[in-house]
Amino acid sequence: MNGADRWADLNKLLTRPGKITGPGFEPDPALLDFLQNDARVLCVGAGGLGCELLKDLALQGFGNIDVIDMDTIDVSNLNRQFLFRMKDVGKSKAEVAAERIMQRVEGVTVTPHFCRIEEKPMEFYEQFHILVLGLDSLEARRFMNQVACSFLEYDDEGNPDMSTIKPMVDGGTEGLKGHARVILPGVTPCFECTLWLFPPQTKFPLCTLAETPRSPAHCIEYAHLIQWQQERAGDEFDTDNEEHMRWVYEKALKRAEHFGIQGVTWQLTGGVVKNIIPAIASTNAIIAAACALETLKLITMCSTGINNYMMYVGADGVYTHTVAYERDPACTVCSSSVPFEVASTDALQQVIDALVADKTLGANLSAPSISHGAENLYMRGVLEEATHENLSKPIGELVEAGGVIQVNDKKLVSTMRVKLKYSDLASMQQ
Amino acid sequence: MKASAKKYDRQLRIWGAHGQTALETARVCVLGSACTATETLKNLVLGGIASFTVVDDAKVHASDLGNNFLLDSSALGKNRAAAVTDFLLELNENVAGSYVEESPAHLLASNPRFFADFQLILATQMTEGAQVDLDQICRELQKPLICIRSYGLVGYLRASLREHTVIESKPENTLEDLRLHKPWPKLKEYAASIDLQSIDDITHKHVPYGILLLKAVELWQNEHGSTLPATANDKAAFRAMLKSWQRLVDGVPVEAENFGEAISNAHKLFCPPSISPELNQILEDERTNLTPDSTEFWVLAAALKQFFTENNGQLPVEGSIPDMTSTTDMYLQLQRLYRDQADADITTVETHVQALLKSIGRNPASIPRTSVAAFVKNARNLRVVRYRTLKEELQLDTVRSDALRQALAAEDTQANASLYLLLRAVDRFHSTYNRFPGTFDGELEEDVALLKATVASVSADSGVGTAAVSDDLIEEIVRFGASELHVVAAIMGGIAAQETIKFITRQFVPVGGTLIYNAMASTTSVLRV
Numbered sequence: 001m002n003g004a005d006r007w008a009d010l011n012k013l014l015t016r017p018g019k020i021t022g023p024g025f026e027p028d029p030a031l032l033d034f035l036q037n038d039a040r041v042l043c044v045g046a047g048g049l050g051c052e053l054l055k056d057l058a059l060q061g062f063g064n065i066d067v068i069d070m071d072t073i074d075v076s077n078l079n080r081q082f083l084f085r086m087k088d089v090g091k092s093k094a095e096v097a098a099e100r101i102m103q104r105v106e107g108v109t110v111t112p113h114f115c116r117i118e119e120k121p122m123e124f125y126e127q128f129h130i131l132v133l134g135l136d137s138l139e140a141r142r143f144m145n146q147v148a149c150s151f152l153e154y155d156d157e158g159n160p161d162m163s164t165i166k167p168m169v170d171g172g173t174e175g176l177k178g179h180a181r182v183i184l185p186g187v188t189p190c191f192e193c194t195l196w197l198f199p200p201q202t203k204f205p206l207c208t209l210a211e212t213p214r215s216p217a218h219c220i221e222y223a224h225l226i227q228w229q230q231e232r233a234g235d236e237f238d239t240d241n242e243e244h245m246r247w248v249y250e251k252a253l254k255r256a257e258h259f260g261i262q263g264v265t266w267q268l269t270g271g272v273v274k275n276i277i278p279a280i281a282s283t284n285a286i287i288a289a290a291c292a293l294e295t296l297k298l299i300t301m302c303s304t305g306i307n308n309y310m311m312y313v314g315a316d317g318v319y320t321h322t323v324a325y326e327r328d329p330a331c332t333v334c335s336s337s338v339p340f341e342v343a344s345t346d347a348l349q350q351v352i353d354a355l356v357a358d359k360t361l362g363a364n365l366s367a368p369s370i371s372h373g374a375e376n377l378y379m380r381g382v383l384e385e386a387t388h389e390n391l392s393k394p395i396g397e398l399v400e401a402g403g404v405i406q407v408n409d410k411k412l413v414s415t416m417r418v419k420l421k422y423s424d425l426a427s428m429q430q
Numbered sequence: 001m002k003a004s005a006k007k008y009d010r011q012l013r014i015w016g017a018h019g020q021t022a023l024e025t026a027r028v029c030v031l032g033s034a035c036t037a038t039e040t041l042k043n044l045v046l047g048g049i050a051s052f053t054v055v056d057d058a059k060v061h062a063s064d065l066g067n068n069f070l071l072d073s074s075a076l077g078k079n080r081a082a083a084v085t086d087f088l089l090e091l092n093e094n095v096a097g098s099y100v101e102e103s104p105a106h107l108l109a110s111n112p113r114f115f116a117d118f119q120l121i122l123a124t125q126m127t128e129g130a131q132v133d134l135d136q137i138c139r140e141l142q143k144p145l146i147c148i149r150s151y152g153l154v155g156y157l158r159a160s161l162r163e164h165t166v167i168e169s170k171p172e173n174t175l176e177d178l179r180l181h182k183p184w185p186k187l188k189e190y191a192a193s194i195d196l197q198s199i200d201d202i203t204h205k206h207v208p209y210g211i212l213l214l215k216a217v218e219l220w221q222n223e224h225g226s227t228l229p230a231t232a233n234d235k236a237a238f239r240a241m242l243k244s245w246q247r248l249v250d251g252v253p254v255e256a257e258n259f260g261e262a263i264s265n266a267h268k269l270f271c272p273p274s275i276s277p278e279l280n281q282i283l284e285d286e287r288t289n290l291t292p293d294s295t296e297f298w299v300l301a302a303a304l305k306q307f308f309t310e311n312n313g314q315l316p317v318e319g320s321i322p323d324m325t326s327t328t329d330m331y332l333q334l335q336r337l338y339r340d341q342a343d344a345d346i347t348t349v350e351t352h353v354q355a356l357l358k359s360i361g362r363n364p365a366s367i368p369r370t371s372v373a374a375f376v377k378n379a380r381n382l383r384v385v386r387y388r389t390l391k392e393e394l395q396l397d398t399v400r401s402d403a404l405r406q407a408l409a410a411e412d413t414q415a416n417a418s419l420y421l422l423l424r425a426v427d428r429f430h431s432t433y434n435r436f437p438g439t440f441d442g443e444l445e446e447d448v449a450l451l452k453a454t455v456a457s458v459s460a461d462s463g464v465g466t467a468a469v470s471d472d473l474i475e476e477i478v479r480f481g482a483s484e485l486h487v488v489a490a491i492m493g494g495i496a497a498q499e500t501i502k503f504i505t506r507q508f509v510p511v512g513g514t515l516i517y518n519a520m521a522s523t524t525s526v527l528r529v
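Protein sequence lines, in the order shown, are assigned to chains A and B.
If you use our numbering, the first sequence closes out at 430, no skipped numbers anywhere.
If you use our numbering, the second sequence closes out at 529, no skipped numbers anywhere.
Rather than coming from a laboratory, the hints here were simulated on the basis of the structure.
Any given hint could be a false lead.
Listing some non-contacts, in silico: residues in chain B with all C-beta distances to chain A over 10 Å [stated by the list, open to error]: (1) Lys-7; (2) Thr-25; (3) Lys-59; (4) Ser-110; (5) Glu-176; (6) Lys-186; (7) Asp-200; (8) Glu-255; (9) Glu-310; (10) Asp-340; (11) Asp-427.
Computed Cβ-Cβ distance ranges for the label pairs, DEER-style [what the hints assert, rightly or not]: (12) Ser-457(B) with Pro-29(A): 33 to 41 Å; (13) Pro-273(B) with Glu-118(A): 18 to 26 Å; (14) Pro-273(B) with Ile-277(A): 22 to 30 Å; (15) Arg-247(B) with Gly-260(A): 23 to 31 Å; (16) Leu-138(A) with Asn-280(B): 52 to 60 Å; (17) Glu-126(A) with Ala-453(B): 46 to 54 Å; (18) Asp-402(B) with Ile-277(A): 37 to 45 Å; (19) Asp-234(B) with Arg-246(A): 17 to 25 Å; (20) Ala-192(B) with Glu-326(A): 46 to 54 Å; (21) Gly-260(A) with Thr-351(B): 24 to 32 Å; (22) Lys-19(A) with Thr-466(B): 16 to 24 Å; (23) Thr-351(B) with Leu-138(A): 48 to 56 Å.
DSS-like, lysine-lysine: derived pairs with alpha carbons at most 25 Å apart [what the hints assert, rightly or not]: (24) Lys-177(A) with Lys-170(B); (25) Lys-87(A) with Lys-391(B); (26) Lys-59(B) with Lys-274(A); (27) Lys-182(B) with Lys-215(B); (28) Lys-215(B) with Lys-91(A); (29) Lys-359(A) with Lys-421(A); (30) Lys-6(B) with Lys-177(A); (31) Lys-203(A) with Lys-205(B); (32) Lys-120(A) with Lys-166(A); (33) Lys-215(B) with Lys-243(B); (34) Lys-254(A) with Lys-6(B); (35) Lys-19(A) with Lys-452(B); (36) Lys-6(B) with Lys-274(A).
In this text, a Cβ means the ideal position worked out from N, Cα and C, and glycines have one as well.
Could you put together the complete structure from these sequences and hints?
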């Protein structure tokens, strides 16, 4: 069954020489063996994109797939998450998806992980050749981005060590739009480099909600954010609780009637309160398949890859645009180091305080430990006592101008590399 | 709440209950049962079409188990259409499905009336000749046809229908025409009734920007004649005037949000949205000269045209306004004024519709007000898509060789236009040698040479004889050997399902030409040949 006959179509790509291929492509029947037996791929998410990704990866010959998802199946998933049936509602997405794929695609092993991505240690993520993301939240993407970038190491010249690159493929959809992108940490931009691609959510000012509501959404948010606290204090609001949602809907409707505002509906209430992103099967199919194909290309080099972001818009005809975004050289997550200016006479404690207070760098710092090369400058925990005396020393005595310190923190997934510039020695550095 | 409302919640937010109803009454026929067909059907079944029928006489082979998710090894050797139908039906209990064990080519020769039972026909993995025959049948039956193919790392999609009209095109960015440059009397009166001098500070900070702009333009025109600010200096002066109206606290102007919005939205006044080229074409279309057989869309378009002409190139007021910093009362009052005017405009168009229907001997009440209202509300974004027959695209005397030549020359479409020619060449190759190029490992080099000659003859027959198709692409096509890769099928199936839904719901705009998907470069091109 797993013979050449079954994979005849895929094998044409893997065993025949081509001119339009990735760097170093060598046609070889062993590529299929590698996919079947040795390649390890992690699918992050078993939702709309995840279900498609699992199917696509399995039918591209990947024999060992892991899938991680903390969610359980909801009725509203069934219009696109085709691995799930009505009888599965309430069960783990990862577990049901894994079972269905193994039932249908003989010979594939799908290992489910029914937990949060934050619960897994770094060693878990390290074992995979590639990470494929089918997520719907920015927070989860940023976390996985930090995971992928945490394995990246730079040499002394600041060039990425290619053997430490953990490739990541990411897809996202909204209605008839979507994107697929390839992230090679250190080579192509990571999520943090292009955070601007994700527009901020619209939030209504509280005074508008309270004093000058004008739209149905204003009435819904008033009921959700203000009235709930006033009238049901102590009762934690839960978007999955139908009684809670109905309460908000009815309060919103009353408020709207009071002001003469039209358009509060049950559907809109759900949309506003849960910030629901509309989703359909076809867009998920397109984006997931584009991601799965890029995954195959990265593993086998059987064809050229995306450089590095493709957007898809399906509302007016079919429009795609592929664009090579650029890395942010000062990215706090993937760059070889982030420049940071202090005075050489500042004590290490002052430098730490300045880092925590910094608007960008400090966002993920609470109680950082600092090292420089192999030397611990200040460590929390058991090494605190041994390194405590450094806190009062001038930083210029501990780190040379332009030197890179490693900053570690509970709030950081990976080490932050900071290149120190001394403002008082600026002229000397030039 | 209906169980299906929950199940379909995420898509109801896209195409609404009326779109869903259209889907739930649609019967779709799919020719072919390989993975390109099943990946399309999977998406349509999940979305909740009424029923599907799969036509194919092929048996399930081992290779199907390497690319088709809607099969398993228990189906080996059985009819593939039957096997995939069983698995597809598992996906949605609300959808009916059936199969016909017959070769698509045979069916269209023996029983063209078969297709009359369906809303839409999808042809998968068919070669050129069969597509042309099917197109003729579907044209006669006035059924939309969508042809798709997955060929190695290349995809193809082409829809065909005489005409598809869209009222709800749902563009991503809508232009609002707030009519600030030409307010109707009641709107003007309302703006004049608000006295910025006498209102209290709180109200002053909550006058909606629409009103502020109306008051500003009135003052401007009193001082400068009836023109709008035109030059950069004018516009700066206009904005400065608005800014100066803000109240002072301790001698310092307070930055009020409503004034900020007025300044940043002043462009809506300076350059009111123009009529799109698509709408312009619709208003000028000869079909606005009605006949007794005119469709509802064209009757409505003719009525809209009459309104447009009578109002010096103004479209009806749309009736909705964006959110503006405002008190509840002032905002609702403004909203009411726009709604009332929109209602009045709908009534005017409705009167035209009734007169027009009468003039062509039809029941004047046959188009309900709700239809008129929907049409008028979307007037700015109406779309008509017309398709040439496949035959016209393929014949030397009718092919748009200029468009093809341009696509072959332009950097961003060169590769994909070449792939278009190559897909045609593989079919010609197939009809000559009875196999696709690259079918056998031992004949790759030979097939490259043969395909090169074939694509040259296809180019000549398309009027682009001198066009050079790169050797690299020719070799890739031979390398693909007509393979049907699951992911390419999934992408083409996704696009085909999306296009099917556009035709059935009459929402959004379908692809208007021949779509080529290039999975090597992750690009798409739409060729209008």
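So, going through the hints one by one against the coordinates:
no.: 1; hint: Lys-7; result: violated, 5 Å
no.: 2; hint: Thr-25; result: holds, 17 Å
no.: 3; hint: Lys-59; result: holds, 14 Å
no.: 4; hint: Ser-110; result: holds, 31 Å
no.: 5; hint: Glu-176; result: holds, 15 Å
no.: 6; hint: Lys-186; result: holds, 19 Å
no.: 7; hint: Asp-200; result: holds, 14 Å
no.: 8; hint: Glu-255; result: holds, 15 Å
no.: 9; hint: Glu-310; result: holds, 30 Å
no.: 10; hint: Asp-340; result: holds, 14 Å
no.: 11; hint: Asp-427; result: holds, 18 Å
no.: 12; hint: Ser-457(B) with Pro-29(A): 33 to 41 Å; result: holds, 35 Å
no.: 13; hint: Pro-273(B) with Glu-118(A): 18 to 26 Å; result: violated, 47 Å
no.: 14; hint: Pro-273(B) with Ile-277(A): 22 to 30 Å; result: holds, 28 Å
no.: 15; hint: Arg-247(B) with Gly-260(A): 23 to 31 Å; result: holds, 28 Å
no.: 16; hint: Leu-138(A) with Asn-280(B): 52 to 60 Å; result: violated, 41 Å
no.: 17; hint: Glu-126(A) with Ala-453(B): 46 to 54 Å; result: holds, 53 Å
no.: 18; hint: Asp-402(B) with Ile-277(A): 37 to 45 Å; result: holds, 43 Å
no.: 19; hint: Asp-234(B) with Arg-246(A): 17 to 25 Å; result: violated, 54 Å
no.: 20; hint: Ala-192(B) with Glu-326(A): 46 to 54 Å; result: holds, 53 Å
no.: 21; hint: Gly-260(A) with Thr-351(B): 24 to 32 Å; result: holds, 30 Å
no.: 22; hint: Lys-19(A) with Thr-466(B): 16 to 24 Å; result: holds, 23 Å
no.: 23; hint: Thr-351(B) with Leu-138(A): 48 to 56 Å; result: holds, 51 Å
no.: 24; hint: Lys-177(A) with Lys-170(B); result: holds, 13 Å
no.: 25; hint: Lys-87(A) with Lys-391(B); result: violated, 49 Å
no.: 26; hint: Lys-59(B) with Lys-274(A); result: violated, 47 Å
no.: 27; hint: Lys-182(B) with Lys-215(B); result: holds, 12 Å
no.: 28; hint: Lys-215(B) with Lys-91(A); result: violated, 60 Å
no.: 29; hint: Lys-359(A) with Lys-421(A); result: holds, 18 Å
no.: 30; hint: Lys-6(B) with Lys-177(A); result: holds, 22 Å
no.: 31; hint: Lys-203(A) with Lys-205(B); result: holds, 20 Å
no.: 32; hint: Lys-120(A) with Lys-166(A); result: holds, 17 Å
no.: 33; hint: Lys-215(B) with Lys-243(B); result: holds, 13 Å
no.: 34; hint: Lys-254(A) with Lys-6(B); result: holds, 24 Å
no.: 35; hint: Lys-19(A) with Lys-452(B); result: holds, 15 Å
no.: 36; hint: Lys-6(B) with Lys-274(A); result: holds, 14 Å
Checked against the numbered hints given earlier, the structure breaks hints 1, 13, 16, 19, 25, 26 and 28 and satisfies all the rest.
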